[in-house]
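Residue numbers (our numbering), protein chains in the order written: chain A, 1 to 339; chain B, 1 to 347; chain C, 1 to 566.
Check the hints yourself; a few may be wrong.
[What the hints assert, rightly or not] Derived Cβ-Cβ restraints for the label pairs, each shown as a range:
1. Ala259/B - Thr41/A: 33 to 41 Å
2. Leu212/B - Thr277/A: 17 to 25 Å
3. Gly411/C - Val139/A: 42 to 50 Å
4. Pro24/B - Glu489/C: 54 to 62 Å
5. Lys215/A - Gly319/C: 27 to 35 Å
[Said to hold, decoys possible] Rough simulated footprint, nothing fancy, chain A against chain B, three-plus residues with beta-carbon under 8 Å:
6. 167-176
7. 319-325
Think of the hints as simulated: they come from the structure by calculation, not from any bench.
Built from N, CA and C at the ideal position, the CB exists for glycine as well.
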Amino acid sequence: MTAIVAAETAGLEGRSPKRRGVPGVALLRSTHGLQRGMLITGLVIITLFVLVAIFAPLLAPYGFNADRTADGEIFGTQQAPSAAHWFGTTVGGQDVLSRVLYGARTALMVILLAVALSLVVGVPLGLVSGYVGGRLDRVLVLVTDALYAFPSLLLAIVVAIMITGGRSTPAGGIAAAAISITVVFVPQYFRVVRNATVSVKHEPYVDAARITGAKPRRIMFKHVLPNVSQTIPVLATLNASEAILTLAGLGFLGFGIEPSAAAEWGYDLNKALSDATNGIWWTGMFPGLAIVLVVTGVTLVGESLNDVLNPLLRTRGGGTTTADEAEVAAGDATDEERS
Amino acid sequence: MAARILPRSPLVRYLLVRLALIIPTVLILVTVVFFFMRVIGDPITAAQGGRLTPEQLDVRRAEAGFDRPILTQYLEYLGGLFRGDFGTALTDRREISEVLVTNGAATLELSFWALLVAFGVGVPLGRLAARYRDKLPDVSIRLFAILVYAAPVFFIGLLLKLLFSATLGWLPASGRAAPAVSIALNNVSPKTNIMIVDAILYGEPEYIVDVLQHAVLPALALGLLTAGVFIRLIRINLLETMRTDYVTAARARGVAEGAVVRKHAFRNALVPIVTVMGMQIAMLLGGAILTETTFEWQGLGYILSQYLLARDFVAVQGIVTAIAVVVAVTSFLIDLINALVDPRVRY
Amino acid sequence: MSTEPVLRIDRLSVSFRADAGAVQAVREASFDVGAAEIVAVVGESGSGKSVSSRALLGLLPGYATVTGSATLDGEELTGLRGEAVRSLRGRRIAMIFQEPSTSLDPVRTVGWQIVEALRAHRRMSRRAARARAVELLDLVGIPDPAKRVGSYPHQMSGGQKQRVMIAIAIACEPEVIIADEPTTALDVTVQAQILDLLRDLRDRLGTAIVLITHNMGVVADLADRVVVMYRGEVVEQAPVADLFASPQHPYTRRLLAAVPHLGHGAGSATTRGVQVPAATGEARSPDVTPAQVPALAIRDLVVEFPGRLGSPAVRAVDGVSLEIAPGAVLGLVGESGSGKTTIGRVAVGLVPATKGTVEVFGDDLARTSAKELRDVRRRFGFVFQDPAASLNPRASVGACIAEPMIVHDEGTEASRRAKVLELLDAVELPTSFAARYPHELSGGQRQRVSLARALVLGPDLLVADEPTSALDVSVQATVLDLFRTLQAEMGFACLFVSHDLAVVDIVADRVAVMSAGRLVETGLTADVLRTPKEEYTRALLAAVPVPDPAEQAVRRRARAELPART
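Please build the complete structure, drawing on both the sequences and the hints.
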C-alpha cells in the first residue's frame, strides 16, 4: 500500500505555496463540486471516528471484554443481533457493539502515536540526509530502500515480535503496535522528505541563502524545511489509513494487541473467520465495516488534500484559474530564452 | 578508474550496476531480520521457552550452536545462505528449502491468479477513469478503488466466504483443493506443487474444475486489493502524461484521441506504472500472508505466520530471506523492463 | 501574396471559465493571413497570442469558450468537433511548438512520429510513409536522414529536434503553419538556422506561416506583416517595415523602444542613457591599474563535474582567466553549455574550482576559512535568472531582503526594517510590499526584490546570472535601467552573465565571450561587439537578429557569406 503514497506524492515535491491562513477553511475553499463532496464526507467520517473513540466508554453498553452484565448475567456466545445486543455477541461471548466502539479508541491511539513517531524520526532524518548528502545519505537511502521494498506487514510483524518478545503487556500493547507501524513508515517519510530536500536544495532561493553566508542549520530549517513540509500532510493522512490497516493485519494474524488489553478490530475479524463459514455474519461484519469506514474517510481526505496540493493534478477551480491560464498560455507565460 | 572495467554499452553497464545492487539490498534485509530476531534471544528459548527446564535449554542451545558469539552465528548463517542452505525448522524439522519449494509454489499460484484479476480489473478501469476525468465513470471508479483499498483483504475474504460459500454454496470456503483431489494430485509426477498444473498433468477435468473453484475467492480477495492500487496508479500517471507537450503536439498533427492516449500517453505513463507495480509485488506478498491465512491456502505466507506464532525463528529467518531475494530480484526485473520501455535508459 | 487570405480571423474571442467568473484571454481579435505570407503575432505575457492560435486547432481545454469566427479558405473552423477538427489538424493547419525537447514523445523514434503524422491523414503503407519521413528529414536539413530516422529525440540536439518538429508540421503540406515561439528555447546561432529554414520552406512550399513570438528581432528577420497584441486585443497591424518605421499604437511604440538593439548599447557611450557620475566615472575606467586589487580575479580556472556512473568527468570550464576592476561591469556571454553560468557560480562560491584560483578582493575563496569566507560573502551580492525561484516562497518580501542582514548579524530589528524600506524605495517598489509574499508579485517586481536583497549589505561585487532573461521585454528595459542607475550610484563591480548580446551591450564596460568552456575573446564592449577579432564572436554577433527589418536584411545577407561554422 506504500505504493499509493509513492504514486500520489510523486508530483508534490518542492512546490511553492499559494495559501495562507486557516488551513481547513482555505482547503475547503480551494475545492469544488465533487472534490468538495469527497472532502466533506471524509471529514465527517473522521470527526465521527474521533468522537466515538473519545466517548467510547459512554457510548458502549458494556465493557469491551465483558461477557456478562453488571448483574452477572452471561451474554451467551454467538448470539444474533437483538435488542440487548444490537450487533450480537462474539464467539467469546462479548458484546460486538461494545468491542467495535472501543476498537475506535485503540485505532485512534495507535494512529496518532504511529504518525507522530514517524514524523519525529523520518522528517529530520530525511532533511539532514538529503541536505548533507554524501556517504551517510547513500547508506541511508540504500537501507530505507531495502526496507521500503520489503512487505510492510511482514516488517511490522518482525518488529512487533522483537518489541514484545512474544509477551504483551496491556500498556505496552498499543505502544508496541505503534512502534511496529512506525518502522514501516519511517522509510516512507525519509524518502519523500529526502527527495523533496534534494530537489529544493539547489533551488535558487536556497543557493541565495548559501551565498549570503547562512549556516547549514539555518538553511535547512529556515529555507528548506518550510518548502518541503507541504508534502507531509498528504503523506501523514495516507499513512494514517495505512496504519489502521496494518494494525488490523497485525491483529488478524495474532501479533497485535492482546485481546484482553484492548478491543481491536483485526483480532475480532480473525475470530470471526470460522463463524463466516457457518453463516454467522455479525461477528465479522461490524468490525470489518468499521475498518472500511474509517480508512475510507481518512483516504478521502488524503486524496482531496493531494488533489488540491499537487499542482500536477489540479483542475479548474477556485484559486487555480491563473495556473490554468498559464498552462494554456504556456507560450506566453514562459517567454524566456534559456541561458 | 571504474570506467575501464565496465563494458562500453551504457545499457549493459547500467544493468550490471543494477544487478550488483541486489546484493546489498538482500544483505541489508537479511541482516536487519537476523538481528531483530536475535534481540529477543536465541531461537531455542523462543520456541521451547516454557516447555523445557533451563538445563535442557542449555543443552539444546549448545547442540544447535546458539551459545556461540552472535557474530559467528551471523557469518555462519550467511555462509549457509550462499550454499543454498536455509536451515531446518525447529518445530517440525522440515528443511526450509523444501518449504520454500512446496509452499512457494502455492504462493506463486495465488499471486498469478491475483495478478490476473488485478490487471483485468485495474488497467481498463484506470484508463477509463483518466479518460473521463471528473465525470461519473471517474468518480465511481475512484470510489471503488478507495473502497477496495480501505477494506482489509481478510474482510473482503470474509464477505466473499459469507456470500459465495456459506449463503450460496457455490464455491469452497478454504483450501487449495478438495481433500480427495489433494490426495490424488500428490501422486502426479512430475509434481510441480502448482495445483492447476498438477491437475492438468493428471488430466482429470473434474479435478481441474475443483482446483479452479478453490482459487476463485482467494484470487478475488487479493486481486481486488491490488486492482485498487493499479487503478489509482494508472489514472494519476495517465493524467500527468495527458498534459505533456508531446500529447498536445500529437493532437495538433491530427492523431485521433484514442491513439493519442494509447500510443503516447499510456506508453509514457508505463515507466512509473511499471516501477510501482514492481513494488506492488512485495505488497502482494504481504497481502498473501493475510489472504492465505483467511483461506487456509498453504502458501509461504500461511506457513510463515504459523512459524511466527510458534516462534520458530530459524524457519522465519529462512522464509524472510527468500522473500527478500524475491523482492530484490523483482526490482531488478522492473528496471530491466523500464530500460526496454524507455529509450532514455537504454542508450 | 494573393489578395484572398487563406486564413481569416474575425472577432475571435476566447474566455476561460473559472469559479471567480470568466477570464477573457482574447477579445475580438481580427486579422488575415495571405497565401505564402508570414504573419507575426507579437505580444508579451498574457497578451493572448498563443491562446488565439491554439483556438484555431481546438487545442484549448474544455473550459475555454471560443466565439467569433476563423475561416480557412472560407471554411469555418470554430465550433468544429470530433473528426472534423482532427482531420484539419496537421493536414491543413500544422503547428510548431516552443519547446522541441518536450514536444516530441521521448519513447518513440522521430521517424515513427513523422510516419504517424503522415498516416493520420493519408492512406499510405508504413514503408512508403517511412521513405517519405526520410525525405522530409532531408528537406529540413537533418544530416544522414536515412540513419537519423531511427533516432530517439534525446539523441538529438535542440535545433535538430525543432527541425524534426518542422518536418512533422510540413508532412501533409498544410496551407498554414502556426509556429508558436519556435526559436525561443534555442541558442541564437541555432535560431538563425531555424529561421532560415522556415523562410526557405515558405519560399519553396508556399505555406503561410503564423509566427507567434515576443522577439522583435525574429519578427524583423522573418515576418511580412505584424499583428501586435496587448492584453487580449489586437492593437495594431501593419507590414513589417511600416511597423518598425512608424509604430502607430502607443503600446507598440513602447514595446519597440524597450527592445535592446545590438550596436546601440553602452559601448557607444553616446547612446548610454544614464549619466555616469564623475566620482565613479574613474572606476569605470576599463583598465585595471596595477596597484588596484581586482574585485574578482579568476586565474586558470578549471571546473569539472563528475560524470554519471563510469563515464568520464565533464569539463564545464577549461582554463579561464578573468579580472574585474572595482566598480567595473564585465559582461560574460556565450551560448548554452559554454560554461558562463558555471563561472558565475564559482565566483560566488557555490561550485568549487577543480583547478585554478578565484580571488575576491584578494581573498582566495578556496583557502579562506569558513569564518573568513562569511566575511568575504558580506561583500557579495547576487541576482539569479529566475525571479520566481530565487526568493524563498515561504518568506515575506521584507524577510527576504533582511535575510543577509540577519545572517551577518547586522543592525537591530528596527534598523533592519528601516533598511528594507530604504531599499524597496531604491528599487522603485512601494514600501508596503515588505509584507507581501513573492507569489503575489509580478516577475519584474520579484526581480527588483532580488536586486534589493543583493544590495542590502552594500556589496562591492555583484554577480548577476541572466537577471533579465525571464522577463518581458518592456519589464526587462525598466529593470536594466534600474540596474544601471544603482550601479552608477553605488559603484559596485559586477559580473553580468547573459546569453543576450544586446543586453550586455547596454550594461557592460567589458565583455568576455565564452564557448565550450573556454574564453574566446575579451575586451572593451565596444571593441568586441563592433570589431570582433575571433571567428566565433563574429558568427555569434551575426546570428543575433536586430529589431530593424532593413538592417536585419543586410545582416542576413552578410551572414550568408560568413564561412560555415561546425
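Status of each hint after checking the structure:
no. : hint                            : verdict
1   : Ala259/B - Thr41/A: 33 to 41 Å  : holds (37 Å)
2   : Leu212/B - Thr277/A: 17 to 25 Å : holds (20 Å)
3   : Gly411/C - Val139/A: 42 to 50 Å : holds (43 Å)
4   : Pro24/B - Glu489/C: 54 to 62 Å  : holds (59 Å)
5   : Lys215/A - Gly319/C: 27 to 35 Å : holds (34 Å)
6   : 167-176                         : holds (count 3)
7   : 319-325                         : holds (count 3)
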